[in-house]
Amino acid sequence: MLSKRIIPCLDVKEGRTTKGIKFKQNVDIGDPVEMGRFYYEEGADEIVFYDITASNERRDIMIDVVSRVAGEIFIPFSVGGGIRTLDDMRSVLLAGAEKVSVNSAAIKDPDIISSGAEAFGSQCIVLGMDVKRVKPSVTIPTGYEMVINGGRTYTGIDALKWAKVAEGLGAGEICLNSIDADGTQDGYELTLTSLISENVNIPVIASGGAGSIDHIHEVLTTGRADAALVASIIHYETCSIREIKETLHARGVKVRMKW
Amino acid sequence: MIAIIDYKAGNLRSVERALKKLGFDCRITLDREEILASDRVIFPGVGAAGKAMADLRHLDLDGVLKQVFENGKPFLGICIGAQIILDRSEEDHVHCLGLIPGEAKAFPVPLMSGDKERLKIPHMGWNGLRLIKRHPVLSGIKPEDEFYFVHSYYLMPASDSDVIGTTDYGIRFPSVIGNRNLIAMQFHLEKSGAPGLKILKNFCDWDGQTC
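Chains A and B, in that order, are what the protein sequence lines are. Note that my numbering gives residue 8 to position 8 of the first sequence, counting from 1, and the numbers run on in steps of one. Here my numbering = 1-based position in the second sequence + 1000.
No lab work stands behind these hints, which were simulated from the structure alone. Careful: at least some of the hints might be erroneous.
[Stated by the list, open to error] A few chain A residues that face chain B, going by a derived Cβ cut-off under 10 Å, partial list only:
(1) Met1
(2) Glu46
(3) Gly96
(4) Phe120
(5) Gln123
(6) Leu169
(7) Gly172
In this text, all values refer to a predicted model and were calculated from it rather than measured experimentally. Beta carbons are placed, not taken as given, at the ideal position from N, Cα and C, and that holds for glycine.
Extracted from the complex, chain B is given alone in its bound form (with noise of 0.2 Å):
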């Protein structure tokens, strides 16, 4: 059973429905015993960090996702999800889990583009993904796949050998960034069509073992 944290009344049911259409077997929980007995976790996270860091401690959530990666259980974080995997964030200045060192920092302003055009922010929309490493979880994705991405703060592990994939929009930053039994995106691949359910598909048949 796959477990996909929601830790925020309300929240959209999109990954949930995306693993239903791919055959897997998937509940939204908040039960710390059915988050560590299940066989993979996936953390969505929406909204701002601040607000996602304080339910996840308010829900007595944070041990238990760090309980998850330190067991070696695939865990795949999304978005919010994915910032909030790193020490901290510039939004809203929070502590967060540090599971992988570094930060998730703002596009800076005014953020231009190569022809000095100037870029608007959110960076909102389909962009691409070139792949820095090899990873089970990413295999099959094409140079000319798109992903859709909303996002104002940008992922920034600490170490370069943390960064499995980047992206480019006024500056190039990591897009994809993942240590041992952890993967991390800043796209939405639950809302990026084929390739974005290839990536999902690919994490529900992963071992949690890097090549």
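Excised from the complex, chain A in its bound form (with noise of 0.2 Å):
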């Protein structure tokens, strides 16, 4: 049986890790490498690093530290953040990450999804989705939409609809984030999961809104997710990685308790 993923998210700022609340108020706690090694020695699943300054700084910082983090942890890392073409692609996957993630970029050109996928593999490419609750209405019929530039530019898609096509296009797993959720610690947006989850057929990996692993548990059971995505619950360590798959394990969730 396949196990339920938990996931650590760490935002990279010019090379250091910090947690952005709301995307504001960043608080620095530490260095990539070192916190990627921590997490897969605690039992980290798969980690994703995201690079919240890729939009306006270099890159090449970032892909200095995707290289280092390859040759000290031995799971699958995704890196997210300014991917905007094949040759952002690219030089991380090279750079040894086994994912990217694409954003804003790929609702910009979905062709990027397409073109990925052909290079590099399905399952190398990750959509990440930012979403926002909203009225239902003619073009949002799910009241969920697609929003972009840390959900301050609302696109007029629909989750649900962009969730299918890029499917279609050949995204092997979708990273959702709901930016209502995002840093609250109130938990899961599990409505919204669910509804992508249950209308796809590759991984939903939820985030957004994680504050106890009552919320883990719930996402990755009535939220239907296939992983869920860690930050602040584990950075200000209200709990370890290995109590959170302690506790999923005695609920009766399939985690991978060795490591």
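Fit chain to chain and form the complex, with the hints in mind.
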């Protein structure tokens, strides 16, 4: 039986690890290579590195981080943030990441998904989705709208429709982030997560809102997520990855218990 | 020296990184003389079966790999590199190397779990390995160890005697197969943490004989 994955997310700014609370008030909490190694040894099933300064600063700092991480941890890890072209994807993958995630670039140019999948394989291409709850309408029938620029810009695209389009284009996985829940520690957006997960045939990683182990349990069961992204809850030591996994295991959720 | 066959431009170098971490001398190579002179061969493979076989034939490496197998050199196939050692693959309906009789088959659709839930394809993530047979390369692997999988096709050797380990995902499929000096695994041992590195180290110390 496949295990549900627990995936720490590390925001990286200028080669240093931070955690954004609703994309503001960044607090520096360390070196990404050390943090990655620490979580690898703690039992993380995968790690996400998200370059939050990629849009306006040099990318070579991040590439260096990626290649140092790749020499230290032997589980899959992905890199997102500022991936816009096939060359961006190639340099991150060659530096040793298993996957790349595309977000706003894919909304502006959906072909990046298909050309990335063709060049590197679907298993490398993660679609990052930033979603906000809105009033259901003709264009947004589910009441979940795709947003970009950290939630500041609405795109007029329905989240479920976009997930299906991206799957058709060759995305291998979806990292689904609720902007409403992100940073609140009030729990994942369960309705959104189950809506997307039940309607696509690729794995869905739930993101945004984890404040307790109960929340993680909920999103992996009621929310139908294949994996849960965790950040503040572990960065600020509310609980450890081991505690999360032991609790889930005790409640009958299949997780990897030995590493 | 361990030869890592890299027949696809831009192949990810995770096997090389893992071997370096373990302290083994390895080289990513396409050179037939170097491959034939190496102590052992790792065939990682990425992408789709049709493209992988076309690239191998284009580079004239299919014959070299057959020779490596026949020479008795320890030979490890990983993921696509495990699938295309079989006779054929349902992916792209392609004829493969035929080192072990059998084929790579697509997961049945819909794929249902024991409690009647629809399972996603590809099979992506961590899953277990049930050992059917003892094998030196899998020594020290415990029933609770898990490995990282990403695939839509699975290994189906013609003979049960070539099945070394199985994994459950809707169906029970062979996830480690082998014959003589050849062992092949569906999961990415180079991305499977400590148990994966353990298998890689075992392979590097293996003399190519089965027990």
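So, going through the hints one by one against the coordinates:
1. Met1: 6 Å, holds
2. Glu46: 8 Å, holds
3. Gly96: Holds, because the Cβ-Cβ distance from Gly96 of chain A to chain B comes to roughly 6 Å (cut-off 10 Å).
4. Phe120: Holds, about 8 Å.
5. Gln123: Holds. Min distance 5 Å.
6. Leu169: Interface hint status for Leu169 of chain A: violated (16 Å vs cutoff 10 Å).
7. Gly172: 7 Å, holds
In terms of the numbered hints stated before, the structure departs from hint 6 and from no other.
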